[in-house]
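Here is how the chains run, residue by residue.
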Amino acid sequence: MASVAGSAEVWGYASGRVSPIPAAEGGGQELNLAALIHGHMAEELPWIKLFHADKSYAEFVNEVFFLSLDEEEAPPSAHVVEQLLQITPFAKTLLAQEWSKPWITTDGSGGLRLSWRRGARELRAVLLADTQQERYLYWQDGSEYGAIPNFGSATLFTRLRWLNGRNITESAA
Amino acid sequence: MDETLQNRQPEIPCNEVLYRAALNKRHITPSGEVQVDLFLLRPDDEGMLSVFRKELVPLATVMAHFRSTKGVVTLLTGLVRDVGSALNRSIDVVPDEIPEIPGHAVIIGLPDRVQEQAKAEYAASLLRDQCRLITANERPQGG
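In order, the protein sequence lines correspond to chains C and Z. Reading the first sequence from the start, the letters are residues 1 to 173 in the numbering used here. Reading the second sequence from the start, the letters are residues 1 to 143 in the numbering used here.
For reference, chain Z alone in the conformation it holds in the complex:
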């Protein structure tokens, strides 16, 4: 992402709901418990965790965007920012438009799981505790 993107885009309101797609089996247990793995940065993530803004994109579109999803969780933007406060660092959600799908955004400022193992795990715990699993293993009928 362009380093200046955060400054050029309008801020996402704290009360906006975000979708995060769980794409792997390891993200959600068979009993429906969301795992911290869903919120740990991976090398491919380039320091940014991909989310979608409910205001701008229907859930069905998010799910259709991926070949297969194990579920989708919701997060509240303000609570994501609060994770930064708990870790004494800046964690934010910023727009990151991509051509394939509207409403794409990214969570930035999360600790790197290699350099800051404990903080990365703790941040993932907090995000897991705040998220809500809204659907698993099935596609919604509407948006």
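Chain C on its own, in the form it takes in the complex:
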């Protein structure tokens, strides 16, 4: 993505590939987000601040907004994108140059999958469109594996450091 710093890219979320669903049809979350982006609260959102300050994070966000989808493939739901934007700034900020861009795909049902792989270690953040289902963070190290349900931004940070070769118990300092 060539351009990263303007609000036009952000607007793309509300008016572009993540197609808004009219409130009458049960949608409307996109409109709320657009209001946040363009309203006075926008500058207080961590992801907006980071979007403007950090080129690699802006590229990551733009890729999410403009995912290359197959024909008839459901785009990520607003609920899922909002979760992603809540969870990722903390990890990106603390990891700084250690952050590596994930392979980003939909799950075919309005969810998002972020996949990282480094040697034998793998990490997959799975955000589901179904509000009845919790997001989870899958980790794998060779033949050991597990899933952390309803993970938060600190867990994502810890596991991304682990992916980079740190011990899971190592302190962030």
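None of these hints come from the bench; they were simulated from the model. Fair warning: this is a prediction, and the values are worked out from it, not measured in the lab. All C-beta atoms, glycine included, are put in the ideal place defined by N, C-alpha and C. Errors might be hidden in some of the hints.
[What the hints assert, rightly or not] Think about it this way: if two alpha-carbon atoms lie no more than 30 Å apart in a straight line, the pair counts; the simulated DSSO-like pairs of lysine-lysine are:
#1 Z:Lys119 / Z:Lys25
#2 C:Lys101 / Z:Lys119
#3 Z:Lys70 / C:Lys101
#4 C:Lys101 / Z:Lys54
#5 C:Lys55 / C:Lys101
#6 Z:Lys54 / Z:Lys119
#7 C:Lys55 / Z:Lys25
#8 Z:Lys25 / Z:Lys54
[Stated by the list, open to error] DEER-style ranges, computed between Cβ atoms:
#9 C:Ser109 / Z:Phe66: 18 to 24 Å
#10 Z:Ser85 / C:Thr169: 28 to 34 Å
#11 C:Glu98 / Z:Glu33: 17 to 23 Å
#12 Z:Pro58 / C:Lys55: 36 to 42 Å
#13 Z:Asn15 / C:Ser109: 55 to 61 Å
#14 C:Ala53 / Z:Pro58: 53 to 59 Å
#15 C:Ser100 / Z:Val17: 31 to 37 Å
#16 Z:Gly47 / C:Leu94: 27 to 33 Å
#17 Z:Asp112 / C:Glu73: 17 to 23 Å
#18 Z:Ser90 / C:Lys49: 47 to 53 Å
#19 C:Gln86 / Z:Ser90: 24 to 30 Å
#20 C:Ser56 / Z:Ile98: 14 to 20 Å
#21 C:Asp130 / Z:Glu33: 24 to 30 Å
#22 C:Glu72 / Z:Pro13: 25 to 31 Å
Once you've looked at the hints, dock chain Z against the given chain C.
Frame of chain C, contents of chain Z only:
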């Protein structure tokens, strides 16, 4: 699939090669890396992952069967069954003939990605590690 189908059909030998078609961009990266998404069950799959038997159907026929494919991977039947051993469950490949195309089969016994998230992801990792991408973004000239 009929629940008794597994018992009525002759077993597929462990050395048989299987084709699995990658139909979505998310299945294969632009650099040609197969992604686990190709081996995760979706609601439409009804618990069965669709494959084709190389012994019974040419690759060109498999590719022509779909409107568009991003690539086709091969798997060895025995190694698919070994994934079951790694997860301490029965995973098998059984014939599932359909009228449109010969050689159709299904992988059964894979963990459900909603009910058994970690196991489903791990099984998909193992299948991804075993598969070989034999063609991407192009149709073969022959079978």
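Exercise. Taking 30 Å as the top limit, are the C-alpha atoms of lysine 101 of chain C and lysine 119 of chain Z close enough?
Worked result: OK: lysine 101 of chain C and lysine 119 of chain Z at ~25 Å, within 30 Å.
Exercise. CB of alanine 53 of chain C to CB of proline 58 of chain Z, is that within 53 to 59 Å?
Worked result: 55 Å Cβ-Cβ, so the 53 to 59 Å window holds.
For this session: Could you tell me whether the CB distance from proline 58 of chain Z to lysine 55 of chain C stays inside 36 to 42 Å?
Result: Between proline 58 of chain Z and lysine 55 of chain C, where Cβ atoms are some 48 Å apart, the hint is violated.
Exercise. Between serine 56 of chain C and isoleucine 98 of chain Z, is the Cβ distance one that fits in 14 to 20 Å?
Worked result: violated (47 Å)
For this session: With respect to the beta-carbon atoms only, verify the hint that aspartate 130 of chain C and glutamate 33 of chain Z lie 24 to 30 Å apart.
Result: For aspartate 130 of chain C and glutamate 33 of chain Z the Cβ distance comes to about 28 Å; the hint holds.
Problem set entry | Outcome of range test on Cβ distance (glutamate 98 of chain C, glutamate 33 of chain Z; 17 to 23 Å) | holds (22 Å)
Exercise. If you draw a straight line from the CA of lysine 119 of chain Z to the CA of lysine 25 of chain Z, is it 30 Å or shorter?
Worked result: At roughly 24 Å apart (the allowed maximum being 30 Å), lysine 25 of chain Z and lysine 119 of chain Z satisfy the hint.
Exercise. Do the Cβ positions of glutamine 86 of chain C and serine 90 of chain Z conform to the proposed distance bound of 24 to 30 Å?
Worked result: violated (40 Å)
Exercise. Given the hint that lysine 70 of chain Z pairs with lysine 101 of chain C, does the C-alpha gap stay at or below 30 Å?
Worked result: holds (23 Å)
Exercise. Holds or violated: are the alpha carbons of lysine 101 of chain C and lysine 54 of chain Z at most 30 Å from each other?
Worked result: Between lysine 101 of chain C and lysine 54 of chain Z the Cα gap is close to 37 Å, so the pair fails against 30 Å, i.e. violated.
Problem set entry | Cβ separation of serine 100 of chain C and valine 17 of chain Z, checked against the hinted range 31 to 37 Å | 35 Å Cβ-Cβ, so the 31 to 37 Å window holds.
For this session: Could you see if the CB distance from aspartate 112 of chain Z to glutamate 73 of chain C stays within 17 to 23 Å?
Result: holds (22 Å)
In summary, the structure is inconsistent with hints 4, 12, 13, 16, 19, 20, 22 from the numbered list given earlier, while agreeing with the others.
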